[in-house]
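Work the whole structure out from these sequences, hints included.
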Amino acid sequence: MSATNWQLRENLEYVGEMLEQLKIVSGVPQNDILYYFLDMAKVEVDSRLVRLSRHLTVANESPGVSQLVRLSRHFTVANESPGVSQEH
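Position 24, counted from 1, in the sequence shown is what our numbering calls 152; the numbers after and before it change by one each time, with no gaps.
What the hints contain is simulated information worked out from the structure, not anything from laboratory work. Note that beta-carbon positions come from the ideal geometry of N, C-alpha and C, so glycine has one too. Just to be clear, a hint being listed does not mean it is correct.
Stated by the list, open to error - Between beta-carbon pairs, the in silico distance windows are:
no.	residue 1	residue 2	range
1	LEU150	SER175	28 to 36 Å
2	VAL143	LEU184	28 to 36 Å
3	ASN133	ALA169	30 to 38 Å
4	HIS183	ASN159	34 to 42 Å
5	TYR142	LEU162	29 to 37 Å
6	LEU177	ILE152	15 to 23 Å
7	THR185	VAL143	19 to 27 Å
Here it is, written out as structure tokens:
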């Protein structure tokens, strides 16, 4: 993960924590529109963190590993055709 990606992740985590604190500090009830907007912003931050994690996981995979996974899926599907018995 590059330094930029680490910084982005840290920034998003910080923003998420601050949004939770703002919900508390604001003192508004949960049914208030301000609480709703803060909550939706937190959901968006969490969503971006998940997407960032997925992106970084795929980017860090070596080509050989992903190629092996694709091949194993191909052969698994090919060997599980209906009517073909695997027993000897």
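Right, here's what the structure says about each hint:
1. Against the hinted window of 28 to 36 Å, the Cβ-Cβ separation of LEU150 and SER175 comes to about 18 Å, which falls outside the hint.
2. At about 18 Å, the beta-carbon gap between VAL143 and LEU184 misses the expected band of 28 to 36 Å.
3. One distance hint, 30 to 38 Å for the beta-carbon pair ASN133 and ALA169, is violated here, with the actual separation near 21 Å.
4. The hinted window of 34 to 42 Å between HIS183 and ASN159 holds, with their beta carbons roughly 36 Å apart.
5. The hint said 29 to 37 Å for the Cβ distance between TYR142 and LEU162, and at roughly 21 Å that hint is violated.
6. The supplied range of 15 to 23 Å is met by LEU177 and ILE152, whose beta-carbon atoms lie about 21 Å from each other.
7. For the pair THR185 and VAL143, the beta carbons lie near 22 Å from each other, so the given range of 19 to 27 Å is met.
Consistency with the previously given hints fails for numbers 1, 2, 3 and 5, ordered from lowest to highest.
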